[in-house]
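Q: The lines below spell out each chain.
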Amino acid sequence: MELSDQIAQYLVSGLSTGAIYALIGIGFAIIYNATEIINFAQGELVMLGGMFSLFFLNAMHLPLPAAVLLAVAATTGAGVLFERLTIRPLKSPTPLALVIITIGGSILIRGIAMMVWGKDTHAIPAFSGSEPLSIGAATILPQHLWIFALTAIAIIANKLFFQYSITGKAMRACAANRRAAGLVGIDVKKMVLFSFAISASLGSLAGIIVAPLTMTSYDVGIMLGLKGFCAAIIGGLSGGVGTVLGGLLLGVLESLGAGLVSSGYKDAIAFIILLLILFIRPQGLFSRAQSERV
Amino acid sequence: MKKLLLPITTFLLVSAWAVTCFANATPIKIGALFSVTGPPSFLGEPERNTAKMVVDEINAKGGIKGRKIDLVVYDTQGDATKAVQAANRLIKEDKVVAIIGPSTTGESMAVIPVVEKEGIPLISCAAGSKISDPVKKWVFKTAQNDGLAVTKIYEYLNKKKISKVAILTVSDGFGSSGREQLKANAAAFGIQVVVDDTYGPKDTDMTSQLTKIRGSQAQAIICWGTNPGPAVIAKNVKQLGIKLPLFMSHGVSSKKFIELAGDAAEGIMLPSGRVIVSDVLPASDKQKKSLMAFVKDYQNHYKAEGDHFGGHAWDAVMLLKGAIERGGGDTPAAIRDQLEKTTNFAGIGGIFNYTAADHAGLTKDAFVLVEIKNKDWALVK
Amino acid sequence: MNREILKFLLLVVVILLLPLAIHEGYLLNVLVFVGIHTMLALALNLLLGYAGQISLGQAGFFGLGAYISGILTATHGINPWLAMVIAAVVVTFMAFLVGFPILKLKGHYLAMATLGLGIIIYIVFNEAVDHTGGPSGLSGIPNLSLAGITFDSDLKNYYLIWTMTLISMGLALNLVHSRIGRALRAIHDSEVAARVMGVNARLLKVQIFALSAGLSAIAGSLYAHTLTFVAPASFGFNFSVELVTMVIIGGLASIYGSLLGAALLTMLPELLRAFQDYDIIVYGLLLVVMTMYMPGGLVKGVPRLFNLLRTKLKRSSTANA
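Protein chains in written order, with our numbering: chain A, 720 to 1013; chain B, 21 to 401; chain C, -11 to 309.
Do not rely on the hints blindly, as some may be mistaken.
Claimed, not checked - Among chain C residues calculated to face chain A with C-beta under 8 angstroms, some are:
#, residue
1, Leu105
2, Ile168
3, Gly272
Said to hold, decoys possible - Listed below are the simulated DMTMM-like cross-link pairs for lysine to aspartate or glutamate, each with C-alpha atoms no more than 25 angstroms apart in a straight line:
#, chain 1, residue 1, chain 2, residue 2
4, B, Lys263, A, Glu850
5, B, Lys157, C, Asp140
6, A, Lys838, B, Glu279
7, B, Lys157, C, Asp142
8, B, Lys395, A, Asp839
9, B, Lys112, C, Asp140
10, B, Lys222, A, Asp839
11, B, Lys49, C, Asp142
12, B, Lys275, A, Glu850
13, B, Lys203, C, Asp118
14, B, Lys316, A, Asp906
15, B, Lys323, A, Glu755
16, B, Lys395, A, Glu850
17, A, Lys838, B, Glu200
18, A, Lys838, C, Asp142
19, B, Lys137, C, Glu258
20, C, Lys92, A, Asp839
21, B, Lys115, C, Asp140
22, B, Lys112, C, Asp118
23, A, Lys838, C, Glu230
24, B, Lys150, C, Asp118
It is worth saying that the hints were derived from the structure and are not from the lab. We put the beta carbon where it would ideally sit given N, CA and C, even for glycine.
Using the sequences provided together with the hints, build the complete structure.
A: What follows is the structure, encoded as structure tokens:
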């Protein structure tokens, strides 16, 4: 088999994994942009999406579209609850406190999921069959097409929301300067809540559409969250095209690395790239540099 | 004074009687180290369940030589450090006379120096060949050596005249031990490992490694890991349209794998303990009786299928029972000596024969080669 | 200052005499690990509590110390004490080099960078099978020995580990009460202000980072020789989080807090054995609740609670009177 054919497969597989990273990364970016918080529990929201949809499909025997919608709703609820209970009442939101709380929160969510659903891995049926399709010399599954499609829709919807709707603009205002936004009458607390809600829905969507491929269990959130964060850092926390490109780039580099260099060190590749970006260009490849008031 | 004489005498008599009763009925304390939570929980949980079930049954029938078994279980969470700490606790605080477990090779290797030093027999439920090779005085194991599983596959490959294989192993204790065995045994069977790749336990996409394998000269793929990785690999293989025969390890010999892999499981072959095909074994099979009893019991107790891993714990407890019953006392040293004399014990994992030089006790007949047909197991002739 | 010395001496005496009061061999074993964890929590606290730099990758330096010591002694037969020194020097130097680019970052970026570093180190432990034994770990590491005594029992290891831990605590106490300690706290409060006042913030941060790493490496070496076995699973992200939890619960910027946090979190799983499966929930809950309601950790929070109760009682009694 030709090397170029192999590379074609690596690219295609990498893009589909990257799309998931992109979705998760956007979730990080949204919360960050509205609140300057990096939500380490983002990965768990992804996990909840998959687990909830499993619950609604199998335990309650609902049809797929209903299960998906309910799962997104349930996860959004969980995200909102998380913000209400832990972030909002925080008296001194130093970066350290926020990091610790979101890490603690992620451990808590994972623990509860383990208690409720057990430690098993579960399979979810693919949305539309599992016959492979060919794209040139590479093959993908229909589920990958779903991933690309839904990611694209989510990103466009995201962009439209933040660019053109009042709430979106209000959230961007909060990100630029919280106090000023408050002064012009924006309910900052509500915007924070919204950011968590939107993040949770995007994250859960990512978890649901990837679950038929990767199966789901209570601890899928850890690595996915970390990689999603890497994507956000690589592409920049803008929440727009930059973040998406970051995710795709990460997925492709990982895939090429695993195939051409070494499969064992594949995860290390993602983190080495992360470190390099942080050292050389911390604002991400596709963002402008930020300045900090002293 | 006379008034007190009767109550005092009664009290003394009663206490004397109670003490003797107590002395006769002191339970036999056996420790257990299982990774009930943590990444290897798919091993530790059935093992703990099975151990408890068997101990309860033995106690219901009066225990061993009239004494009940007191099973003390600690969850090691798959962490070697916790395993060592728990082992110390079992020996020094709970004062057990024997330990069963741990569930993984890594933890077993960590605990071995402790039991060797303290002189307590250990029956590990982990697969790594290096647990009992070289032989250690106090260490035994019930899980089949992964080396035996490898030879089963290689024998089959020889029959089918396949000589070039690609191996894809998971980067944890089970996978790396399997990888060692796959490479070590290849030459003896005239097999060449043309691709040697790994994947992480939580990885969700192995198409890169499989694409590399597709482009190589491999005539068969051997995947060594435990759920969910192999299920993802099975699906990836189907997606990439790879038509090479796909072999798995005994790490996925449970219905869970078929459930996870779905249609992609069809045609996959793997070596397995007999327990998963207990119902289709011929009546002449020496293990059939124990196997059917175990499967039925586990189903009644836990409403789930008794599997390969729970079987390791079943064997460990029953082997201990046999060793204590055969006489010589219940001190750790006596138990160890009797364990070494175990012959022809028809367990779940196989037929055990321990000797001074062999503390693993099984031959390659402990495995059968099965194929997944129509979402169920079928023996490969 | 004299009070500080007295407090410390009292601690030393208690630690030295403690084994006499314990008859359970197992508790002694746990206390050995408390000692190692205290050293690690101390190292992290210097960085996190005093200098205010978030590090989620301490387990990596701990592991490096353990593996370097383990490999040098088990595979190459080098003298354990020499190996420990080599490990500490190598890790300190490495941290010094990496520290310069990493500590330019702040807040979440620093957290992620240290997290990434820790994970990369963990992956190397797992994958470099030929040197580290891979996921199954490295066994056959010899015990330490000094002047004819081999440290192979819980009691001997207890004294060895705690001597080292108490020495590091003493040195740390000295450090934080010195000019350097004040400079660190200045950096924590406002790095720019500290710089303006002449503190070489950049260099100092890197130095503390390197010191913290070196101390963790020594703890790692001690761990390797006590357990005689090391496996990658003990040095992953989970343990880094556990260390941060110890520091948070015990108290940031408090040497004694490090001890308290380490002791609590090492003994908690033993106490929680009844809740075996659910200790992960208790963990996360502790992190969240402590950060929200007791940011100074128990060292500050308990006395404050005490005072609060006392004033409340006083008020009600005077009201009644």
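Q: Confirm or reject each hint.
A: Now the hints, each set against the structure:
1. Leu105: Since the shortest Cβ distance to chain A is 7 angstroms, the answer is holds.
2. Ile168: 21 angstroms, violated
3. Gly272: Since chain A brings a Cβ to about 3 angstroms from C/Gly272, closer than 8 angstroms, the hint holds.
4. B/Lys263 with A/Glu850: Holds, at about 15 angstroms.
5. B/Lys157 with C/Asp140: 20 angstroms, holds
6. A/Lys838 with B/Glu279: 16 angstroms, holds
7. B/Lys157 with C/Asp142: It holds: about 23 angstroms lies between the C-alpha atoms, which stays within 25 angstroms.
8. B/Lys395 with A/Asp839: With a Cα-Cα distance of about 19 angstroms, the restraint between B/Lys395 and A/Asp839 holds, given a limit of 25 angstroms.
9. B/Lys112 with C/Asp140: 15 angstroms, holds
10. B/Lys222 with A/Asp839: Distance ~13 angstroms between B/Lys222 and A/Asp839 Cα, so the pair holds.
11. B/Lys49 with C/Asp142: Holds: B/Lys49 and C/Asp142 sit about 23 angstroms apart, inside 25 angstroms.
12. B/Lys275 with A/Glu850: Within the cut-off at roughly 23 angstroms; holds.
13. B/Lys203 with C/Asp118: 14 angstroms, holds
14. B/Lys316 with A/Asp906: With Cα atoms ~63 angstroms apart, B/Lys316 and A/Asp906 exceed 25 angstroms; violated.
15. B/Lys323 with A/Glu755: Violated: B/Lys323 and A/Glu755 sit about 49 angstroms apart, past 25 angstroms.
16. B/Lys395 with A/Glu850: 18 angstroms, holds
17. A/Lys838 with B/Glu200: 29 angstroms, violated
18. A/Lys838 with C/Asp142: 35 angstroms, violated
19. B/Lys137 with C/Glu258: 24 angstroms, holds
20. C/Lys92 with A/Asp839: Not OK: C/Lys92 and A/Asp839 at ~42 angstroms, beyond 25 angstroms, violated.
21. B/Lys115 with C/Asp140: It holds: about 20 angstroms lies between the C-alpha atoms, which stays within 25 angstroms.
22. B/Lys112 with C/Asp118: 35 angstroms, violated
23. A/Lys838 with C/Glu230: 21 angstroms, holds
24. B/Lys150 with C/Asp118: Roughly 16 angstroms between the alpha carbons, so the hint for B/Lys150 and C/Asp118 holds.
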